[in-house]
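Trainee: All chains should be built: construct the whole structure from the sequences, respecting the hints.
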Amino acid sequence: MSAPQTAATKPLLSVRGLTKHFPIRKGLFGKATGAVRAVDHVSFDVMPGETLGLVGESGCGKSTTGRMILRLIEPTAGSVEFDGIDLVTLGTRQMRALRRRIQVIFQDPFSSLNPRMSVGAIIREGLTIHRIAEGAAADTRVRQLLEEVGLRGEYASRYPHEFSGGQRQRIGIARALAVEPSFIVCDEPVSALDVSVQAQVINLMQDLQRDRGLAYLFIAHDLSVVEHIADRVAVMYLGKIVELAASEDLYREPLMPYTQALLSAVPVADPTVKKSRVVLTGDVPSPANPPTGCVFHPRCQHPAKDAACAEIVPPLEQKAPGHWVACIKQPPTGVDWAIQQTAGGTKQPTRYLPVLGIPTPSTTN
Amino acid sequence: MADPLLTVRDLRTYFYTENGVARSVDGVSFSVGAGETVGLVGESGCGKSVTALSLMRLVRPPGRIEPGSAIDFKGRDLVAIDEKAMRAVRGAQIAMVFQEPMTALNPVFTVGDQIAEVVRIHKGGSRQEAWRRAVEMLEVVGIPSPEQRAHEYPHQLSGGMRQRVVIAMALVMNPALIIADEPTTALDVTIQAQILELLRELQAKFGTSILLITHDLGVVAETVSRVIVMYGGEIVEEAPVEELFKNAHHPYTQGLLNAMPQVGHERDRLATIPGTVPPPTNWPQGCRFHDRCSYAWERCLVEHPPLYQIGETHTSRCHLAVEPDRRAQPHTPFVVQEASA
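One line per chain: the protein sequences are B and X, in this order.
With the first letter of the first sequence counted as 1, position 262 gets the number 262 in my numbering; the numbers rise by one all the way through.
With the first letter of the second sequence counted as 1, position 28 gets the number 28 in my numbering; the numbers rise by one all the way through.
These are computed hints drawn from the structure, not numbers from a lab.
Please read these numbers as outputs of a predicted model, since none were measured by experiment.
Where is the CB? At the ideal position from N, CA and C, for every residue including glycine.
Keep in mind that a hint or two might mislead.
Stated by the list, open to error - Listed below are the simulated SDA-like cross-link pairs for lysine to any residue, each with C-alpha atoms no more than 25 Å apart in a straight line: (1) X:K246 / X:Y153; (2) B:K10 / B:K26; (3) B:K26 / X:P107; (4) X:K205 / B:G282; (5) B:K347 / B:P315; (6) X:K246 / B:K319; (7) B:K26 / X:H155; (8) X:K246 / B:S276; (9) B:K319 / B:P303; (10) X:K246 / X:Q156; (11) B:K26 / X:Q156; (12) X:K74 / X:T103; (13) B:K10 / B:F22; (14) B:K26 / X:Y153; (15) B:K31 / X:Q156; (16) X:K246 / X:S29; (17) X:K205 / B:T281; (18) X:K123 / X:V89; (19) B:K26 / X:D325; (20) X:K205 / B:R277; (21) B:K10 / B:S182; (22) B:K26 / X:L157; (23) B:K347 / B:P303; (24) B:K319 / X:G264; (25) X:K205 / B:S276; (26) X:K205 / B:V278; (27) B:K26 / X:K246; (28) X:K205 / B:V273; (29) X:K74 / X:S31; (30) B:K31 / B:T19; (31) X:K246 / B:T272; (32) X:K123 / X:D82; (33) X:K74 / X:R9.
Unchecked claim - Counterexamples of contact, computed for chain X against chain B with all Cβ distances above 12 Å: (34) P61; (35) K84; (36) Q329.
Mentor: Structure follows, in structure tokens:
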């Protein structure tokens, strides 16, 4: 199966056809009457030392994807290959051993730390479970880790409630780093933080990545944060990846109409910039009953949108080197015009790039 | 600027807690003109939400508005009037839009009932009339098929729709001022764009003044005409929006602007403000920002800066206003020096 690849080097993480359907149960015997397609055939790679951003609005399946990679949620179908090992078929004990190499940082620094454990105990737990260090050696390691994330070593004896949100997130990072992972799933790691503190944590994460060669799957809804930290970005909508490209390409020239609308909705912190905005009407449809064909077609603003969009499920195809897009109306496409016509298509694919308000200060009003 | 609709003078709201007196809002003065949109910006704990609650007189014990505070609204001092008179103002002349629409709405009443209730309380009249008005308002805020939607409960609506209902409820009595406390923070970015557009449209249509409270400088840049920046329970800078983004004076405002990653900008390291917002029970001596500031000198440690006039419409609470040469000598902030010591 063809899937987005970057370079010739071997990916650290390879996700193929990852799917999660949550059954909708009704009636006395809990008969499944349908399914919420939270994640639907998602495929991507993460290279060693790379940051892949995963963006989308609430309910698009980005967190579920992250949790399936960690096996915190069992996938319905698909494979997750980490350094050549298929995680989905791994037994509990083997998976636990592998968790030393795959760690997670959660969004909420308030609920992800056990309030009854001291900071030292929280960080030490991983060292003990994976038999990395014991006794005095573990104490020293805990202090080192705290200092590495910008906290004082003596904080080890304090409890989470004594810290601010930003400091707690640093503790969460220290806990993840304790077992020396090569890959970290970061699920909205800075969303709960104030701007000035958010910047501190982002810089810390970038420093750690540089020093330790970490790879991140950075899940976030804030597009400006993702642009800042990610090398490549995948955009999800209703459980599918609709665009995947190098960060510069995606933000400079988004090709999927959904990405275009999403980017144009980001407020620009410059009152002199007048943005031309693609305002999406309506809400995201329910993943229990997604639209046929292209899941975005009911809200799409592409001028060539026609009946074929409601019929054909657009494949994620390469429109430019390393730039993958799921849209049959954005040329070039492998879905021939003849096929589109058979499906009721009336408008030929045309290149559509609405003027986005990506800062080009205007002199006129 | 037009004649001020709202003038706040020396507002102090303190909370008497076990850990000491939290001076959450500590001497705030500003005004909002008729038809104007003013942004109140700051990070968590700076006092912006408590300011909003004080204007509505919704501060609960152990918090209270201190004597000497004045909130002049249409010629009346809202601090002095009794609760009955305040109830006639609240919801009718000053309305509030909260951050989380799910908690702002009552889950056991239909949205139509909840809007109609506001009408019946403030204007009286028949149930049918109030209901008609509710349906009308739902249409104004862009809810499709409002007759049916009015019969639905909050959980049946999406987040964006719920926020539209909350706005409909705020606007139903045609108030002179709307206080919007983080109205789009809980929403996705595409829905946020819809709601901000709606607020702009409605303001143009009804001439309502808006006090927009937010931590998001992007939202501020696109929505308001004048910005007030709060830190440590005080106003630290105030200016028209273009001026603030072009010539921010206060080191805190500059820090906020630089710390924000922006789409389309160079991918280098983000600037940060070291340290965190101090607790309101224990504001630092002198300038409240001095321990996190790269320019702070002896004066900042001991002398609390007044709001200096920087330009005709621009004020800043920073001693750099009178000693501008100090800007040439940035240094490591005290909070970092202490931590590494």
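Trainee: Starting from X:K246, check that the Cα of X:Y153 is at most 25 Å away, please.
Mentor: violated, 45 Å
Trainee: Given the hint that X:K205 pairs with B:V278, test it: the Cα-Cα distance must not exceed 25 Å.
Mentor: The given pair, whose Cα atoms are some 23 Å apart, holds under the 25 Å limit.
Trainee: Non-interface claim for X:K84: all C-beta distances to chain B beyond 12 Å?
Mentor: Consistent with the label, X:K84 stays out of reach of chain B, its closest Cβ about 39 Å off (over 12 Å).
Trainee: CA of B:K31 to CA of B:T19, is that 25 Å or under?
Mentor: Between B:K31 and B:T19 the Cα gap is close to 21 Å, so the pair holds against 25 Å.
Trainee: Does B:K26 pair with X:P107 here, judged by a C-alpha cut-off of 25 Å?
Mentor: Satisfied, since the Cα-Cα distance of roughly 23 Å is no more than 25 Å.
Trainee: What's the verdict on X:K205 and B:G282, does the C-alpha distance respect the 25 Å limit or exceed it?
Mentor: Within the cut-off at roughly 22 Å; holds.
Trainee: When you check the alpha-carbon spacing of B:K26 and X:Q156, does it fall within 25 Å?
Mentor: OK: B:K26 and X:Q156 at ~19 Å, within 25 Å.
Trainee: Does X:Q156 lie within 25 Å of B:K31 when you go C-alpha to C-alpha?
Mentor: Measuring from Cα to Cα gives roughly 24 Å; hence the hint holds.
Trainee: Is the hinted pair B:K347 and B:P315 satisfied, with a Cα-Cα distance of at most 25 Å?
Mentor: holds, 19 Å
Trainee: Can the restraint linking X:K246 and B:T272 be considered satisfied, given a maximum Cα separation of 25 Å?
Mentor: Holds, because 9 Å separates the two Cα atoms, which is no more than 25 Å.
Trainee: Quickly compare the C-alpha distance for B:K26 and X:H155 to 25 Å and report which way the hint goes.
Mentor: At roughly 19 Å apart (the allowed maximum being 25 Å), X:H155 and B:K26 satisfy the hint.
Trainee: Can you confirm whether the C-alpha distance between X:K74 and X:T103 stays at or below 25 Å?
Mentor: Roughly 30 Å between the alpha carbons, so the hint for X:K74 and X:T103 is violated.
Hints 1, 2, 6, 10, 12, 13, 19 and 27 from the list above are not met by this structure, while the remaining hints are.
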